[in-house]
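Asker: This is what each chain is made of:
2 protein chains.
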Amino acid sequence: MTKRTGHLRLGAFLYPAGHHIAAWRHPEAQADAGVNFRHYVRLAQAAEAAKFDLLFLADGAGTRGDNVDFLSRTAHSYVAQFEPITLLSALAAVTDHVGLVATASTSFNEPYHIARKFASLDHISGGRAGWNLVTSSNEHEAKNFNRDSHFDHAERYERAIEFAEVVGGLWDSWEDDAFLRDKAQGRFFDPARRHVLNHKGRFFQVRGPLNVARAPQGHPVVVQAGSSEAGKELATRTAEVIFTAQQTLDDAVAFYADVKGRLARYGRHPDDLKIMPGVFPIVGRSESEAKEKFEQLQALVDPKVGLALVSGLTGGFDLSGYPLDGPIPELPETNASKSRQVLTLELARRENLTIRQLYLRVAGARGHWQLVGTPAQIVDELEAWFVNGGADGFNVMPPLLPAGLDDFIELVIPELRRRGLFRSEYEGRTLRENLGLKRPANRHAAHGAAAHAVA
Amino acid sequence: MTKRTGHLRLGAFLYPAGHHIAAWRHPEAQADAGVNFRHYVRLAQAAEAAKFDLLFLADGAGTRGDNVDFLSRTAHSYVAQFEPITLLSALAAVTDHVGLVATASTSFNEPYHIARKFASLDHISGGRAGWNLVTSSNEHEAKNFNRDSHFDHAERYERAIEFAEVVGGLWDSWEDDAFLRDKAQGRFFDPARRHVLNHKGRFFQVRGPLNVARAPQGHPVVVQAGSSEAGKELATRTAEVIFTAQQTLDDAVAFYADVKGRLARYGRHPDDLKIMPGVFPIVGRSESEAKEKFEQLQALVDPKVGLALVSGLTGGFDLSGYPLDGPIPELPETNASKSRQVLTLELARRENLTIRQLYLRVAGARGHWQLVGTPAQIVDELEAWFVNGGADGFNVMPPLLPAGLDDFIELVIPELRRRGLFRSEYEGRTLRENLGLKRPANRHAAHGAAAHAVA
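Taken in order, these protein sequences are the chains called G and Y.
Everything in the first sequence is counted per full-length UniProt numbering, starting at 1 for the first residue and increasing by one.
Everything in the second sequence is counted per full-length UniProt numbering, starting at 1 for the first residue and increasing by one.
Worth flagging that the hints you see were computed from the coordinates, not collected in a lab.
Take these hints with a grain of salt, some might be off.
Identical copies look the same in the list; a pair holds intra-copy or inter-copy alike.
Here are the simulated SDA-like pairs of lysine to any residue, each with C-alpha atoms no more than 20 angstroms apart in a straight line [unchecked claim]:
| no. | residue 1 | residue 2 |
| --- | --- | --- |
| 1 | Lys293 | Ala403 |
| 2 | Lys438 | Arg268 |
| 3 | Lys291 | Asp380 |
| 4 | Lys183 | His39 |
| 5 | Lys3 | Pro270 |
| 6 | Lys293 | Ala184 |
| 7 | Lys232 | Val253 |
| 8 | Lys304 | Gln357 |
| 9 | Lys51 | Arg418 |
| 10 | Lys183 | Phe294 |
| 11 | Lys183 | Asn36 |
| 12 | Lys200 | His140 |
| 13 | Lys183 | Gln298 |
| 14 | Lys183 | Gln296 |
| 15 | Lys293 | Arg361 |
| 16 | Lys200 | Glu155 |
| 17 | Lys200 | Arg443 |
| 18 | Lys232 | Ala254 |
| 19 | Lys200 | Asp66 |
| 20 | Lys200 | Arg147 |
| 21 | Lys304 | Arg181 |
Please work from the sequences and hints to get the whole structure.
Answerer: This is the structure we're talking about:
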């Protein structure tokens, strides 16, 4: 494989006090981060000053899990924090360049609302909106939406495919030049450039048109995070960015080749989909400083929290009856997120970890790639993944916020720039331009390419 | 009745280019207002500098009506504009005091999403969010949400009552002091101060808890706009502000007394609900200047638009077969918004209007109270309604934006202040404080009053 040159892409994955499970207990932590708007303004403006491509917000429309003792000991699990679309809309008003990617589930939303809110955010932000399409792995969300249990794994992906089709169709309700705003003739729009969707499918019946003008980006950027077989297939059809959890270069390269190789089937080019694995970096000016920072966070993990966290990542199986310093037992397959479960168990078996060692391993990055070291050590790894076909960029998951983001900006980004791996100025005006993604033509437009990302 | 003293409340009801149906055609109009974020920032900051209580945004999750020729000649009817919750979230970041009231329908939303988004906006804005609860009178919204037709009038109000109960319950998921954020003990929240809703009703099954901390205002302010019998009953149970269309002082006084008189039945005090009729003011330095401004807008109304508008306000009946300069024919009762239909027909019969005269009368305020005159003339009317028990304040609907809002601020507000009718500084930090509404106690709190606005 030819070694790649050029710039990699960076996302700043913001999670209230930081991604480490015990981050909120850290002396420097903003413990009220989940409802502290000033905290997010500071993070967003710092990421933008450093030229990050995008801010990324995860989501759950319901607390993850039902173990109240566990929940009460964490600030994770979507216990109580801002809703992402309202938060990113507010951050749009205090930033000018950085992309704004919010997660929203296809299982517990209506496509008209999702198409509309993201198109509106794209207008508000001048072309910086992105939708991270998830199907939700959290059983408890269903109970907030008139259901006793979640859709099964296959059904929720079928629903997601149709949901994305409807959203893409609604985003093309209006051609780019539909709005004449001709005051003299009294014609606000050209009826010939307005398109009624009239979708009738298995899950949705949506007439349209969307009542928002076509987005500055054509379509907001569609991000996808599933890494299961169904998730990869959905991403290949609908996504323009994949956020994925990969632990090793070999796995990352295999995943990258697999997904990029599927694109031709849908008439898409490998450049039409950017792959950005998550990375959880703990950076120090020396290796020992980095390790100390990490140990300081690890020491704050309550064993009750660690145990419950591993249960959650392995499909809800209760491990509290097993010895903490013994091996992970064989577990039955569940309806929870398959890829997350497989990754967690593979990690434990590959490294022969005890339950305690495993919970300390996943406490931080929760299954994502963890790097602890100096700027040079961290950039060596990022560069290796980038140049060897494992990643187009990375979604950075700071252990502690704002300190972990500040460290990355102060120490890692200059090293990336020194090696010619990261921009010093934004290339474009929109998220799509900065990511190097084409603006999709409207499917109804008389002239222009038929290609569009959301079929 | 004792004449009232004190301050009245003012809302700035923002509609893209202005409330007059032909506003977008005016030479000064911002014709792209529906997708121009800078336009809204300017309006919001002007309203805040003038000490308005709140910004108010209407909504429809779908274009209103299906007459494409009509639609293409207007910028009204929710053809293509920002979605209100995203827009107000963005405006929250560039304002500090003004309230932010967005409309959202109980017919085509899920209560968990609505509770969450408004609670999130309340945190982002530091206690300035309000929810205008509507049941939707627009048949076309249904078709964007898996239905062939709307719920019937009675069913949508039954649904709205249950929806508001669920939202109120979710807003009390967490007691105000539930979040300990005790780093040393590792307790993020107190499990005893977290409350699972477990709602199972006719329309909704929602477990909870909400995954947003209790809002700074306790509950975001609940606004309601229905004026039918079912609408008044819903408002009496659930609302803290009523936005209503009244045409005469007598009608306004009767409506005010009727609604305030119903509150005791739900253990509520008359001050717990503020009544703010809509007013469409065209203000000039002289009476003739005001009339000229109005005529300039009226001259821009295309007869095709006027005719279709009257059809829409009278329940969708097609009037195009009747002579423009003849009387309004007898119309059958429909499933559309009853109060709007009754008001429109009463206006036509009271003043013996032709179809053309009627469309010119409703083209501006679309059934709301229209005042054309000098600042003194306009304030005479507002004062009469306020001191005689017809209104606690007004929702101002500028004919043209930004010019009509600027006129109101420059000419009318100083006259209101001269008469001691309007504030010069905000009294409180939250919308609720500025409106003079109590902060609701959490229904689960061990100490504190049991009173809360959303039962």
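Asker: Looking back at the numbered hints, which does the structure fail to meet, lowest number first?
Answerer: No hint contradicted; all consistent.
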